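Protein chains in written order, with our numbering: chain A, 21 to 519; chain B, 102 to 232; chain C, 39 to 478.
Hint data in this document are derived by calculation from the structure and do not stem from the laboratory. Just so we're clear, the structure is a prediction, and the values are computed from it rather than from any experiment. Cβ atoms here follow ideal geometry from the backbone N, Cα and C, with glycine treated the same way. There could be a bad hint or two in this list.
[What the hints assert, rightly or not] Pair by pair, the computed Cβ-Cβ distance ranges are:
no.	chain 1	residue 1	chain 2	residue 2	range
1	B	Asp126	A	Asp250	42 to 50 Å
2	A	Leu212	B	Ser154	25 to 33 Å
3	A	Val68	C	Gly40	29 to 37 Å
4	A	Asp502	C	Gly451	38 to 46 Å
5	A	Asp213	B	Glu151	46 to 54 Å
6	B	Asp138	A	Leu212	31 to 39 Å
7	A	Val68	C	Gly438	33 to 41 Å
8	A	Arg207	C	Thr337	40 to 48 Å
9	A	Glu472	B	Glu106	23 to 31 Å
10	A	Asp250	C	Asp226	29 to 37 Å
11	B	Glu110	C	Pro69	55 to 63 Å
12	A	Arg69	C	Ala338	22 to 30 Å
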Amino acid sequence: MKLIFEKSQEGRRAGTLPSYDLPPAEVPDELRRRESPRLPELAEPEIVRHFTALADRTFGVDTGFYPLGSCTMKHNPRVNERVVALPGFRDLHPLQEEVGAQGALELMWRLQEILAEVCGLHAVSLQPAAGSQGELTGLMLMRAYFADRGEGEQRKTVITADTAHGTNPASVTMAGFELQKVETDSRGNLDLDDLRAKVNQETAGLMLTNPSTLGLFDEHIEEVSKIFHDAGALLYYDGANLNAVCGISRPGDMGFDIVHINLHKTFSQPHGGGGPGGGPIAVREILEPFIPAPAVVRDGDEFRLDYDRPKSIGKVRGYTGPFGVFVRSYAFIRAYGPELRRMSEVAVLNANYMLSRLKGTYELPFERLCMHEFVLSAKNLKRDHGVNALDVAKRLMDYGFHPPTIYFPLIVPEALMIEPTETEPKETLDAFCDAMERIAEEAASDPEILKEAPHRRPVRRLDEVKAAKRAIVKYGFDQHPDLRGDRAEGEAVEAQRGA
Amino acid sequence: MAADESYPEELRYHREHDWARVDGDTATVGITWYAQDALGELVHFEPPAEGASVAADESYGEVESVKAVSDLISPLSGEVVEVNPIVVEEPEKVNDDPYGDGWLIKIRLSDPGEADGLLDVAAYKALLDEQ
Amino acid sequence: MGYLSLTDSDQEAMLAAIGVSSIDELFQDIPEAVRLDRALDLEPALSEQQLVAHLEELAGKNVHTGRELSFLGAGIYDHYVPAIVDAILARGEFLTAYTPYQPEMSQGVLQAIFEYQTVICELTGMDVSNASGYDGTTVAADACYVAKHTTGRTKVVLAEALNPQVRQVVKTYAPGFGLEVVEIPHTDGITDPDDVRKAAEGAACVIFQQPNFFGCLEPAPELAAAANEAEALAVAHVDPVSLGVLEAPGRYGCAIAIGEGQGAGNYQSYGGPHYGFIATRSDFIRRMPGRIVGETTDTAGERGYVLTLQTREQHIRREKATSNITTNQTLLALAGLAHLSWLGPQGLRELGETCMSLAAHAKDRLGLPLVFPERTTFKEFAVRAGRPAEDAIRAAREQGVHPGYALKRDYSGMEDALLVCVTEKRTPDDIDRLAAVLAA
Numbered sequence: 021m022k023l024i025f026e027k028s029q030e031g032r033r034a035g036t037l038p039s040y041d042l043p044p045a046e047v048p049d050e051l052r053r054r055e056s057p058r059l060p061e062l063a064e065p066e067i068v069r070h071f072t073a074l075a076d077r078t079f080g081v082d083t084g085f086y087p088l089g090s091c092t093m094k095h096n097p098r099v100n101e102r103v104v105a106l107p108g109f110r111d112l113h114p115l116q117e118e119v120g121a122q123g124a125l126e127l128m129w130r131l132q133e134i135l136a137e138v139c140g141l142h143a144v145s146l147q148p149a150a151g152s153q154g155e156l157t158g159l160m161l162m163r164a165y166f167a168d169r170g171e172g173e174q175r176k177t178v179i180t181a182d183t184a185h186g187t188n189p190a191s192v193t194m195a196g197f198e199l200q201k202v203e204t205d206s207r208g209n210l211d212l213d214d215l216r217a218k219v220n221q222e223t224a225g226l227m228l229t230n231p232s233t234l235g236l237f238d239e240h241i242e243e244v245s246k247i248f249h250d251a252g253a254l255l256y257y258d259g260a261n262l263n264a265v266c267g268i269s270r271p272g273d274m275g276f277d278i279v280h281i282n283l284h285k286t287f288s289q290p291h292g293g294g295g296p297g298g299g300p301i302a303v304r305e306i307l308e309p310f311i312p313a314p315a316v317v318r319d320g321d322e323f324r325l326d327y328d329r330p331k332s333i334g335k336v337r338g339y340t341g342p343f344g345v346f347v348r349s350y351a352f353i354r355a356y357g358p359e360l361r362r363m364s365e366v367a368v369l370n371a372n373y374m375l376s377r378l379k380g381t382y383e384l385p386f387e388r389l390c391m392h393e394f395v396l397s398a399k400n401l402k403r404d405h406g407v408n409a410l411d412v413a414k415r416l417m418d419y420g421f422h423p424p425t426i427y428f429p430l431i432v433p434e435a436l437m438i439e440p441t442e443t444e445p446k447e448t449l450d451a452f453c454d455a456m457e458r459i460a461e462e463a464a465s466d467p468e469i470l471k472e473a474p475h476r477r478p479v480r481r482l483d484e485v486k487a488a489k490r491a492i493v494k495y496g497f498d499q500h501p502d503l504r505g506d507r508a509e510g511e512a513v514e515a516q517r518g519a
Numbered sequence: 102m103a104a105d106e107s108y109p110e111e112l113r114y115h116r117e118h119d120w121a122r123v124d125g126d127t128a129t130v131g132i133t134w135y136a137q138d139a140l141g142e143l144v145h146f147e148p149p150a151e152g153a154s155v156a157a158d159e160s161y162g163e164v165e166s167v168k169a170v171s172d173l174i175s176p177l178s179g180e181v182v183e184v185n186p187i188v189v190e191e192p193e194k195v196n197d198d199p200y201g202d203g204w205l206i207k208i209r210l211s212d213p214g215e216a217d218g219l220l221d222v223a224a225y226k227a228l229l230d231e232q
Numbered sequence: 039m040g041y042l043s044l045t046d047s048d049q050e051a052m053l054a055a056i057g058v059s060s061i062d063e064l065f066q067d068i069p070e071a072v073r074l075d076r077a078l079d080l081e082p083a084l085s086e087q088q089l090v091a092h093l094e095e096l097a098g099k100n101v102h103t104g105r106e107l108s109f110l111g112a113g114i115y116d117h118y119v120p121a122i123v124d125a126i127l128a129r130g131e132f133l134t135a136y137t138p139y140q141p142e143m144s145q146g147v148l149q150a151i152f153e154y155q156t157v158i159c160e161l162t163g164m165d166v167s168n169a170s171g172y173d174g175t176t177v178a179a180d181a182c183y184v185a186k187h188t189t190g191r192t193k194v195v196l197a198e199a200l201n202p203q204v205r206q207v208v209k210t211y212a213p214g215f216g217l218e219v220v221e222i223p224h225t226d227g228i229t230d231p232d233d234v235r236k237a238a239e240g241a242a243c244v245i246f247q248q249p250n251f252f253g254c255l256e257p258a259p260e261l262a263a264a265a266n267e268a269e270a271l272a273v274a275h276v277d278p279v280s281l282g283v284l285e286a287p288g289r290y291g292c293a294i295a296i297g298e299g300q301g302a303g304n305y306q307s308y309g310g311p312h313y314g315f316i317a318t319r320s321d322f323i324r325r326m327p328g329r330i331v332g333e334t335t336d337t338a339g340e341r342g343y344v345l346t347l348q349t350r351e352q353h354i355r356r357e358k359a360t361s362n363i364t365t366n367q368t369l370l371a372l373a374g375l376a377h378l379s380w381l382g383p384q385g386l387r388e389l390g391e392t393c394m395s396l397a398a399h400a401k402d403r404l405g406l407p408l409v410f411p412e413r414t415t416f417k418e419f420a421v422r423a424g425r426p427a428e429d430a431i432r433a434a435r436e437q438g439v440h441p442g443y444a445l446k447r448d449y450s451g452m453e454d455a456l457l458v459c460v461t462e463k464r465t466p467d468d469i470d471r472l473a474a475v476l477a478a
């Protein structure tokens with residue numbers, strides 16, 4: 021398929037602009053643009069066709085089953101798209117006077133109250149733009165809290181699980197802490213002995229997802245919480261897996277002091293091909309003074325922005341956060357009400373059903389019921405037939421499914437992390453499990469068909485080594501190299517430098 | 102095209118999967134077959150500058166494959182006198198020939214006696230068996 | 039609950055297959071003490087039509103640009119979003135796909151991001167762009183992180199004429215990054231290159247804005263040169279809508295170009311979600327935070343696209359990542375690509391020229407004293423309203439006009455100053471109306 025630039029023709033144009041009979045304003049010579057940017061030049065029909073063709077080559081939740089573990093690829097309700105486009109939300113300037121933004125401020129305040137209730141905590145900031153920014157914000161809160169107590173120099177380390185999502189260690193580093201890892205035991209819980217050995221007066225806190233990325237609820241969470249709190253440290257909850265426990269168990273009640281929530285996971289903000297998301301945080305009273313400013317507060321019948329927050333860590337994102345995301349999540353939650361619990365129950369039911377169907381065919385690292393997701397290992401297929409998790413994933417595409425997450429968490433070899441979510445019907449779960457069984461059979465009878473998969477997508481397997489070496493990250497127009505001459509497999513490729 | 106597994110007798114080895122070929126007061130340094138195999142095909146080598154100091158057991162640079170990046174741990178201390186320009190251009194040379202054309206840097210040793218603390222091939226192979 | 043397919047008979051069959059007798063049993067690993075023993079204290083579920091009515095009521099309490107003639111800018115702009123953007127974003131595939139980690143399933147998104155990266159590089163005159171950052175504020179923090187790692191220095195210099203929100207965010211990130219932040223006051227609405235020269239000694243980077251927060255055109259090539267003399271990276275925070283008429287930062291000595299993409303393709307939406315952009319010279323490619331899409335071929339030799347250089351990202355380097363960003367702003371960046379494609383190079387130039395001439399006309403027509411009379415401005419300018427800004431705003435709004443941003447909120451000596459923004463959505467008649475309202 022051609023790039024939009026390859027379809028451009030000089031002089032074509034879609035955009036029409038108003039013009040006024042006014043004297044032109046001069047740009048000083050030394051600041052004026054010399055060469056036009058080479059933006060696409062197409063009229064409207066061809067732009068529409070181009071993006072339609074791109075959409076046709078993209079698989080979304082709207083297309084089919086998308087069981088990416090820890091991503092919670094649930095259905096995105098269409099009514100949310102209708103309400104986010106209401107002019108009162110869509111065309112509202114963030115610096116509008118507060119008196120002219122009461123509807124927006126009220127929606128944000130109500131969403132804060134809801135999230136505090138769901139988390140079992142006290143105060144909420146909606147500012148962070150995504151889960152990983154929520155993590156960073158939470159860690160900044162930890163720093164501010166300890167600095168305020170005169171323990172800033174002392175509390176240097178944050179502990180994460182060895183099953184943690186990669187953002188956790190990266191966030192720890194960005195927040196200026198040192199990282200320590202704790203091991204997982206054979207039941208899939210944090211190893212308490214390892215933890216006791218590592219937690220001390222230099223520990224600022226724990227970052228944990230519960231249930232973990234293994235889809236398992238830590239059975240000793242109360243003891244874990246006590247170990248940290250006894251050492252004067254805090255507990256941070258990575259909300260990536262909140263879909264499993266809404267209305268059933270609240271992070272605040274588990275002992276966590278700070279939580280981030282992924283609005284694009286649990287609360288249905290569409291994933292958009294990679295974003296946008298929302299990563300609000302909820303905190304215990306002791307941490308409220310430090311939350312980002314301004315805070316959205318209620319004053320009788322009015323809602324306002326409170327900038328008078330002397331201990332606040334500051335601002336992590338422009339304005340009050342990704343408001344359009346709040347509208348969708350708020351609408352999603354109001355459609356459920358207290359029945360949000362049912363959402364989690366069905367998510368966990370769906371996952372356990374799939375687990376019961378697949379555990380005979382693939383290896384199960386931990387003999388337990390799962391929560392909303394589970395991890396299988398394809399190491400039996402690797403050992404017996406030489407096919408690995410990647411091959412299984414690519415072959416699933418031929419059956420019309422998006423693959424699950426692979427090679428994560430790191431402690432499970434040939435990992436396949438599967439999260440169905442609550443919005444999938446039983447037939448879809450059965451069809452996926454049937455396909456997984458067929459693929460295991462194919463691994464034995466015809467492994468090549470897996471190794472060369474996918475066969476039915478717009479492209480075959482892509483050469484990621486070539487992409488990293490050549491690093492062609494934009495269209496080069498007349499200078500754009502033609503990579504198609506080189507063959508990917510079975511030949512020694514003389515990599516050319518340049519571009 | 103990756104090389105067959107081998108660990109030359111005449112080299113000294115470091116537990117972080119690096120090798121050193123010591124010649125008087127200079128040493129040539131690289132990564133072992135085990136390391137290149139674990140990383141996969143290399144796509145990038147981030148070398149130290151010539152003239153920079155390196156210290157035993159500490160990182161002196163990085164290599165990257167598509168799926169992983171790895172610190173390069175120096176087996177010995179000294180000053181970098183040469184960086185292999187071939188590997189900078191074609192990092193996959195390390196996979197093809199980890200002990201020959203795939204050498205990474207040459208060091209003028211600050212303490213030639215340090216090499217005695219490295220593993221011989223038997224000890225390194227024993228370490229690999231435990232992995 | 040219309041989002042769930044599960045029927046009673048489904049549930050029965052599934053529980054039987056699992057080997058438990060109730061859903062409660064599935065949660066047996068959760069200790070009693072941490073279970074919620076009551077229903078969530080939330081308002082009852084709303085049907086779809088009740089939900090829409092409720093949201094309409096909330097939206098109805100907001101004074102949006104359809105209800106008030108607005109000259110409010112200050113970082114978020116009321117530019118025209120063409121219908122083609124809405125149409126493209128409504129495609130369910132773009133809306134509901136996630137990060138393209140399985141490239142064979144996501145060639146459409148990957149190619150679109152590659153095209154977006156190209157467009158950003160074209161606008162900014164740079165070699166590498168990422169797939170988007172959160173917004174125009176966090177990309178400044180990203181730029182500081184890149185500058186620190188490449189120069190080894192820990193001081194960052196910010197022009198005071200850089201958007202206050204951007205500066206606040208950089209200062210929030212700075213302690214964790216181990217950065218010292220120094221600000222250069224503006225000199226009569228712009229930044230003095232000599233001030234930059236002095237402050238840039240030992241600095242990792244200097245960040246200035248073009249056009250700046252006051253709408254004034256900075257002596258950008260001189261500011262970049264001053265930073266470069268001190269071997270600090272020159273970072274320009276730019277308005278994408280201006281880049282059809284103003285020179286690209288890559289052409290006047292900048293190492294990094296950043297900005298807020300909202301004005302190109304996104305609605306205002308009370309501040310988000312939008313997209314930040316960051317683009318650099320080629321030497322910084324391995325330091326670039328966030329995702330990057332690269333071109334490659336498949337096993338049949340056909341061209342395709344993949345996420346590349348992923349070792350920089352959180353999911354491989356973990357604690358050594360160049361950033362922790364995972365979810366970014368892809369959908370909003372696609373809107374930007376669609377908008378810029380709709381405009382084309384001619385359209386972008388005309389858009390910039392139209393905004394500039396309308397704003398220049400407004401400066402004359404308002405007849406109010408300018409805060410920075412000597413300065414050439416782009417689409418915004420600061421005037422003195424002759425009374426406290428909040429009073430001028432209140433009075434104007436009573437007549438259905440929002441006259442602009444109260445600069446006193448962020449700057450001293452601006453008690454009566456309004457930052458007036460004129461985009462292509464304002465007409466000469468609108469400007470007449472503003473003049474009448476402010477004169478009263």
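Which of the stated hints cannot be reconciled with the structure, identified by number in ascending sequence?
1, 2, 4 and 10
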